[in-house]
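Asks: Below, each chain spelled out in residue letters.
Number of protein chains: 2
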Amino acid sequence: MKIVKSVAEMSEIARRLKREGKTVGFVPTMGYLHEGHLALMERARKENDVAVASIFVNPLQFGPNEDYETYPRDFERDKRLAEGAGIGYLFHPDVKEMYPRELSVTVKVVKRTDVLCGRSRPGHFDGVAVVLLKLFSIIQPTRAYFGMKDAQQAAIVGALIEDLNLPVELVPVETVREKDGLAKSSRNVRLTPEEREEAPHLYRSLLLGKSLVEKGEKDPEKIAGAIKDYLTENVSGEIDYVEVLAYPELVPLPEIRGRVILAVAVKFSNARLIDNIVLETGE
Amino acid sequence: MKIVKSVAEMSEIARRLKREGKTVGFVPTMGYLHEGHLALMERARKENDVAVASIFVNPLQFGPNEDYETYPRDFERDKRLAEGAGIGYLFHPDVKEMYPRELSVTVKVVKRTDVLCGRSRPGHFDGVAVVLLKLFSIIQPTRAYFGMKDAQQAAIVGALIEDLNLPVELVPVETVREKDGLAKSSRNVRLTPEEREEAPHLYRSLLLGKSLVEKGEKDPEKIAGAIKDYLTENVSGEIDYVEVLAYPELVPLPEIRGRVILAVAVKFSNARLIDNIVLETGE
Numbered sequence: 001m002k003i004v005k006s007v008a009e010m011s012e013i014a015r016r017l018k019r020e021g022k023t024v025g026f027v028p029t030m031g032y033l034h035e036g037h038l039a040l041m042e043r044a045r046k047e048n049d050v051a052v053a054s055i056f057v058n059p060l061q062f063g064p065n066e067d068y069e070t071y072p073r074d075f076e077r078d079k080r081l082a083e084g085a086g087i088g089y090l091f092h093p094d095v096k097e098m099y100p101r102e103l104s105v106t107v108k109v110v111k112r113t114d115v116l117c118g119r120s121r122p123g124h125f126d127g128v129a130v131v132l133l134k135l136f137s138i139i140q141p142t143r144a145y146f147g148m149k150d151a152q153q154a155a156i157v158g159a160l161i162e163d164l165n166l167p168v169e170l171v172p173v174e175t176v177r178e179k180d181g182l183a184k185s186s187r188n189v190r191l192t193p194e195e196r197e198e199a200p201h202l203y204r205s206l207l208l209g210k211s212l213v214e215k216g217e218k219d220p221e222k223i224a225g226a227i228k229d230y231l232t233e234n235v236s237g238e239i240d241y242v243e244v245l246a247y248p249e250l251v252p253l254p255e256i257r258g259r260v261i262l263a264v265a266v267k268f269s270n271a272r273l274i275d276n277i278v279l280e281t282g283e
Numbered sequence: 001m002k003i004v005k006s007v008a009e010m011s012e013i014a015r016r017l018k019r020e021g022k023t024v025g026f027v028p029t030m031g032y033l034h035e036g037h038l039a040l041m042e043r044a045r046k047e048n049d050v051a052v053a054s055i056f057v058n059p060l061q062f063g064p065n066e067d068y069e070t071y072p073r074d075f076e077r078d079k080r081l082a083e084g085a086g087i088g089y090l091f092h093p094d095v096k097e098m099y100p101r102e103l104s105v106t107v108k109v110v111k112r113t114d115v116l117c118g119r120s121r122p123g124h125f126d127g128v129a130v131v132l133l134k135l136f137s138i139i140q141p142t143r144a145y146f147g148m149k150d151a152q153q154a155a156i157v158g159a160l161i162e163d164l165n166l167p168v169e170l171v172p173v174e175t176v177r178e179k180d181g182l183a184k185s186s187r188n189v190r191l192t193p194e195e196r197e198e199a200p201h202l203y204r205s206l207l208l209g210k211s212l213v214e215k216g217e218k219d220p221e222k223i224a225g226a227i228k229d230y231l232t233e234n235v236s237g238e239i240d241y242v243e244v245l246a247y248p249e250l251v252p253l254p255e256i257r258g259r260v261i262l263a264v265a266v267k268f269s270n271a272r273l274i275d276n277i278v279l280e281t282g283e
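As given, the protein sequences belong to chains H and R, one line each in that order. The numbering of the first sequence is the UniProt record's numbering, which starts it at 1 and goes up by one. The numbering of the second sequence is the UniProt record's numbering, which starts it at 1 and goes up by one.
What the hints contain is simulated information worked out from the structure, not anything from laboratory work. There may be inaccurate statements among the hints.
Which copy is meant is left open, so a pair is good if it fits within one copy or across any two.
[What the hints assert, rightly or not] Keeping only pairs whose Cα atoms sit at most 30 Å apart, straight-line, the calculated DSSO-like set for lysine-lysine is: (1) K5 to K111; (2) K2 to K18; (3) K2 to K46.
Modelling step: build the complete structure from the supplied sequences, incorporating the hints.
Replies: Now the structure itself:
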């Protein structure tokens, strides 16, 4: 595995791979890798000639009161894990390399953002869009792999790719979970032992919602209400949101039909956890 | 020359050219081609294996009171001219093909826009940025050719490419002029015979400014003032702006040094004409 820190070198490698007709699978990450990332990387490796991952904690997608400074980082460990997952090139630029000067251009995501995590993170997805546009330009991937744990991000990346005709295929990959159901996340390390015990209830609340849908419940508000009640009873953290929306449009549904996302976010003392499931409910 | 109307087909052609290792020169236009465009096309043809041009009157870059509906169009003539200039693929999508649904993503150009034409055309360069991002994604050119008559556009495209690391090289091409100095423009057809007589004074006013710089004048305001006086005396149209700025940053200069643009815009009865020259003044 080659570690690349400069944009110019990564671009040159990408051009060479293109010239050689190689397919490139790309996994953008902010590092502190866990099995969720590794599943993306292994998939990228399996489905393409070359797998490229990036590790870049993107300041643009953090709000002023968010955890950019304290976001967990461990590059030495990440390196080993990425290599083990079959990554051929690990792109690891510093902030000056990615943002050498003030941007003349900004991107604004105007749909799919005022719900779920976007509601409490104004500008977050604008920052995600800018860094992904840059990374896609530098790496020119054939396919880009995104975990469905960040379902809103995947929906927005899908819109970005479609709207701007980006020559890359979005591959959404199912959330990887601990044995007890907790979705893998870099932020899980910040849970207290008690919170860690409670955390699997996020997924269980979603499974409860799913079972209601399967039993024929058509009212999104009733399903959200049941999930909320379950969480209130079982979790000490503060419920940030419980939402039932059309996917990937992320708009409210008058009744359950088509593709639907059930999504929750809970703020624990030192970590905000999110989880979701997407259901195909037929008509 | 092949005419391509669908995004999917154009993308497929672009992918094939890439696979074959061909360099692609791209000339984006809004049609109604004149010698200025043809100079770009010939240059694209000469410097690349394949030349691609687009003809698309982009509604996003026209303001509500601008001339989108009446912008001159003549595709049959354009076709002949493009073919004569050595274009291999002429991309001519309709609006539905380029904008099949409301965009989820918008681009805002936040620098280099509040001067020159940007001042009176709010949002214009945002629309230019979106359509170029789309066209670059679809056509994946090695080089993109822009006429220096739209110097502000070239400066903004340069910023877009740098900021987003777009894998395309910007090639600015000198303004093509009539024998009497008038810069070629699709809008020149809208001048009355009297205005057409006056129109070369735009370029002459710039040459006057240039001669002042060459004589050692360092004060941008004095140069702008002299240009303005000349235009007031020689042209019946309304002066929209006369500006002397750093290029390509498009910011005011305390004194003449480095690369400088002298730029003018004049509103005639039915056409607003622009012209500029960029000078290397040393330092």
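Asks: None of the hints should be skipped; say for each whether it holds.
Replies: Quick rundown of the hints versus the structure:
In this homomeric assembly, K5 and K111 come within 30 Å of each other (Cα to Cα) only across copies, at 28 Å, whereas the closest approach inside a single copy is 33 Å. Taking CA atoms no more than 30 Å apart as the test, K2 paired with K18 passes in both settings, with 17 Å inside one copy and 25 Å between copies. For a Cα distance limit of 30 Å, the shortest separation of K2 from K46 inside one copy, 18 Å, qualifies, whereas the shortest one across copies, 37 Å, does not.
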